[in-house]
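Enquirer: Chain D is already provided as a structure; the job is to place chain F on it using the hints.
Protein sequence lines correspond, in order, to chains D and F.
Oh and the first sequence: position 39 is 39 in the UniProt record's numbering, straight run, nothing missing.
Oh and the second sequence: position 426 is 426 in the UniProt record's numbering, straight run, nothing missing.
In short, the hints are calculated from the structure, not lab data.
Where hints are given, some of them may not hold.
Unchecked claim - List time: in silico DSSO-like cross-link candidates among lysine-lysine, alpha-carbon distance up to 27 angstroms:
(1) D:Lys52 - F:Lys168
(2) F:Lys182 - F:Lys118
(3) D:Lys59 - F:Lys168
(4) F:Lys453 - D:Lys59
Unchecked claim - Some but not every residue of chain D turned toward chain F, in silico, with C-beta under 8 angstroms:
(5) Leu36
(6) Cys43
(7) Pro45
(8) Glu97
(9) Arg140
(10) Leu167
(11) Ser172
(12) Trp176
(13) Ser287
(14) Gly290
All C-beta atoms in this analysis are idealised placements derived from N, C-alpha and C, irrespective of residue type, glycine included.
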Amino acid sequence: MIGYLIRRVIGAAVVLLALSAIVYGLFYAGPSDPALLACGKGCTPDRLAVVKSSMGLDKPLVDQYLSFLHAIFFGHDYSSGPSVRHCPAPCLGYSFETDQPVTTILGSTLPVSASLALGAMALSLLLGIGAGLVTVLSRRRWLDRGLNAVVLVGYAMPVFLVALILLIVFCSDLRWLPFPTYVPLTQDPAGWAQNLLLPWIALALIQAAAYARMTRAQTLETLSEDHVRTARAYGLSQRRIITGHVLRGALPPLVTMAAIDLAGIMTSAVLTETMFGLPGIGQALVSAVGSTDLPVIVGVTLTAGAVYVLANALADILYAAIDPRVELA
Amino acid sequence: MRRISVVSAALALVLAGTAACSSSSGHSSSGGSGTAAAFDPKTCQGGTLEVLNQDSISKLDPARIYTSGGGNIPSLLFRTLTTRNREPGQDGTKPAPDLATDLGTPSDNAQTWTYHLKDGIFFEDGTPITSADIKYGIERSFAPELPGGAPYLRDWLVNAANYQGPYKDPDGIAAIETPDPKTIIFHLRKPEGDFPLLATATQFAPVPKAKDTGVDYDKHPISSGPYMVASYEKNKTLDLVRNPHWSAATDPLRYACPDKIDVTSGLDPAVINQRIATGTGQDANAVTTDTTIGPDQLAQLNSNPALAKRVAHGEFPATTYIAFDTKVKPFDDIRVREAISYAINRTTAVNAAGGTAVAGASTTFLPPQKALGYQPYDYFPAGATGNPAKAKELLAQAGYPNGLTVTLAHQSDDANNFGPKVATAVQDALKAAGITVNLNPIDDNRYTDVTGKPSTEPGMSLQYWGADWPSGAPFLIPIFDGREIISSGGNFNLAQLNDPSVNAEIDAINAITDPAQAQARWGALDAKLGQQALTVPLFYEKDVSLFGKNVKNAVPDGWRGQYDLARVSVK
Chain D
1 MIGYLIRRVI GAAVVLLALS AIVYGLFYAG PSDPALLACG KGCTPDRLAV VKSSMGLDKP
61 LVDQYLSFLH AIFFGHDYSS GPSVRHCPAP CLGYSFETDQ PVTTILGSTL PVSASLALGA
121 MALSLLLGIG AGLVTVLSRR RWLDRGLNAV VLVGYAMPVF LVALILLIVF CSDLRWLPFP
181 TYVPLTQDPA GWAQNLLLPW IALALIQAAA YARMTRAQTL ETLSEDHVRT ARAYGLSQRR
241 IITGHVLRGA LPPLVTMAAI DLAGIMTSAV LTETMFGLPG IGQALVSAVG STDLPVIVGV
301 TLTAGAVYVL ANALADILYA AIDPRVELA
Chain F
1 MRRISVVSAA LALVLAGTAA CSSSSGHSSS GGSGTAAAFD PKTCQGGTLE VLNQDSISKL
61 DPARIYTSGG GNIPSLLFRT LTTRNREPGQ DGTKPAPDLA TDLGTPSDNA QTWTYHLKDG
121 IFFEDGTPIT SADIKYGIER SFAPELPGGA PYLRDWLVNA ANYQGPYKDP DGIAAIETPD
181 PKTIIFHLRK PEGDFPLLAT ATQFAPVPKA KDTGVDYDKH PISSGPYMVA SYEKNKTLDL
241 VRNPHWSAAT DPLRYACPDK IDVTSGLDPA VINQRIATGT GQDANAVTTD TTIGPDQLAQ
301 LNSNPALAKR VAHGEFPATT YIAFDTKVKP FDDIRVREAI SYAINRTTAV NAAGGTAVAG
361 ASTTFLPPQK ALGYQPYDYF PAGATGNPAK AKELLAQAGY PNGLTVTLAH QSDDANNFGP
421 KVATAVQDAL KAAGITVNLN PIDDNRYTDV TGKPSTEPGM SLQYWGADWP SGAPFLIPIF
481 DGREIISSGG NFNLAQLNDP SVNAEIDAIN AITDPAQAQA RWGALDAKLG QQALTVPLFY
541 EKDVSLFGKN VKNAVPDGWR GQYDLARVSV K
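Chain D with its partners taken away, still in its complex shape:
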């Protein structure tokens, strides 16, 4: 297990290092000039040069990248005017556009994204596995067909449409809920859940559809396997067969899928975030791209990479826990 973790961490570091180099190269060598953008319209060449050097963009690309890596471990001070912009380790760069360290931006957006992703994932797994099992086990054809239809429609709906419908129905027409705004969990847990309820439902309706289909297919496959037939022959109850034997076999692919989805929602649910006014990491990225705020783009991309690596590791560990045949070697 420990050997596995060490290898996993080294692997992750290599992946992230490569990712940082690629993102850095892509964006810094790209056609947009952040200094020109910061300088504003009517910027003379002389002034552009000064702004460039105040942003540290006048150095060669490789130097910039090395000092970026250095700052991750040792922090970095950007001196300007009477004040020094201090970026403590782990410094992922400094956003000149918004005048704050990238880690500050991540620190304020990650909890929002995590709240959104974890709640949505819990709800969609509950709905998805539930619906999947019901469609398989129900003797009633119409229930199977009906749920299947609902699942397909959910799968096909774009999230902004679901979001807008939910907002109009529940906030605008029925007025059961206020239009959501983000309330931190630590500040008001009830308000946190109330405000996140609609975004969770919106994402869950879509995600659950995929899980329901996956659960249905996996369960059907497992039901036809020998060990289930044997269990039946021993006279085990249907419930024990499903919970004890069928689900165990059906779950692993679902876990892998859910882990990747979790990372996906966490890092790129920008539409959901915008529709529900949640200042998460997706919004931070889109607004950074809009203003060519390169340090934020690099920082968010690296964080997203890290989240994916973590989610994959989590999936592997859960996989081993569910299926004893798998060993983390």
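Expert: This is chain F only, laid out in the frame that chain D set:
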């Protein structure tokens, strides 16, 4: 005007607040729930105003924001030497004294401007505001660490172009004199009759040197206006409360009705409009400074009179147009440019921009505002739907009897109304005249990078230009003054016109301090330039924006066409 087009749009739009729409027909005074006459600024105090915006507020430092007339939200925090007078319609295009006692005294052929400060003006901490604070505020806007503001002062002040700000160069700008704490004198290197209009910008807001924390000043800029920052989370929320040291007696223009103003940013435009239209709970007190009405609400206006009453109509002076690079073939031939002017179908172009509610067909480069000097002309009459026969005739004369193929650059996104929709309308119109148009979409963020560098400038591109202040100068100079051609990037004279007679006329008008005289000359200059078909004007901007049920006096001012947060009430 420069602010408008593209690059730092996100910030500029929130802060300056773009246009809202069509006050032209005297609509504007019906903007509020009560009419302007019935509204009493003395009894409007109380409540919390909610501002729902799309664009993030990424900067509050007065040195770094680029506004027209001081902006909407910034103007709540910062008083400036002069400010827009916040009146609806044509009256609203004039500046008014703010911290200064008058609009300034010009001397030396409008190259020297002298201002005196009012008595009883204070920062939020109770320190009196002096002329040195205004000088310091301007000087720090020159610091390369604080980029982003309007470029005019660097160009206008004597020997200031290379000043590096007070951090590197504490001696300051010699061209700004403060002989006593109440007097400030500006020495310009050329006559500028528009100086009182520029003095509305946030760079003219006082900054107390003792409280300047450089780049960190942005976190809590010291207020001189009716509100101050209570909390500010970048790109998320900005909460303002009353500034106890602001004196209403010295500031008759800002009514400062709400006790609190809460700004939330990063919202979806459809959600903003839905929330304001529905108006549940706090949303009844909601307004927006950057979102025009959505198509679904627009469609409801006829059938829903209650909603129609909650719509503000204003006009921000701005033109969307086709720009030609006259150094590039075949656009060096005036007959080709004229042919395209004749072939254009302004009806489909306006529809592509959202219809006549939000855009008006335009044959002049200056939008139809008297303050800019608007004079009607239509040298290449295309009618409502284009004159392809005349266009073909001109093309034949120019040596293209079988038509020609050209490329039109446009933004890859429709958000700024010069994206694929408008480009396709142009493409269809020119097809009828035998001109095949290939479309060249360019990413919004890179657009001005590409079009603003003469070496990469496309021969024909869609462009948008709005006014930094309501006058012909900021509208025509960057586009047509030959000395404004910048080869390193950031160029807006896309025609690359360098005509000594035009340059000389611009200098002559700049020296005029009487707005009426200057307007007539700017209008005449626009009409003269129009004959050369250097641009094909398509439409001018009209916008419509919603406000909440409890919001009163949401009257758009004539300067920016948007209701003024310093004047709305939620009581």
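Enquirer: Confirm or reject each hint.
Expert: Quick rundown of the hints versus the structure:
{"no.": "1", "hint": "D:Lys52 - F:Lys168", "result": "holds, 16 angstroms"}
{"no.": "2", "hint": "F:Lys182 - F:Lys118", "result": "holds, 8 angstroms"}
{"no.": "3", "hint": "D:Lys59 - F:Lys168", "result": "holds, 21 angstroms"}
{"no.": "4", "hint": "F:Lys453 - D:Lys59", "result": "holds, 23 angstroms"}
{"no.": "5", "hint": "Leu36", "result": "holds, 6 angstroms"}
{"no.": "6", "hint": "Cys43", "result": "holds, 5 angstroms"}
{"no.": "7", "hint": "Pro45", "result": "holds, 4 angstroms"}
{"no.": "8", "hint": "Glu97", "result": "holds, 6 angstroms"}
{"no.": "9", "hint": "Arg140", "result": "violated, 39 angstroms"}
{"no.": "10", "hint": "Leu167", "result": "holds, 6 angstroms"}
{"no.": "11", "hint": "Ser172", "result": "holds, 4 angstroms"}
{"no.": "12", "hint": "Trp176", "result": "violated, 10 angstroms"}
{"no.": "13", "hint": "Ser287", "result": "holds, 5 angstroms"}
{"no.": "14", "hint": "Gly290", "result": "holds, 6 angstroms"}
Violation of the numbered hints given earlier is confined to hints 9 and 12; the remaining hints are satisfied by the structure.
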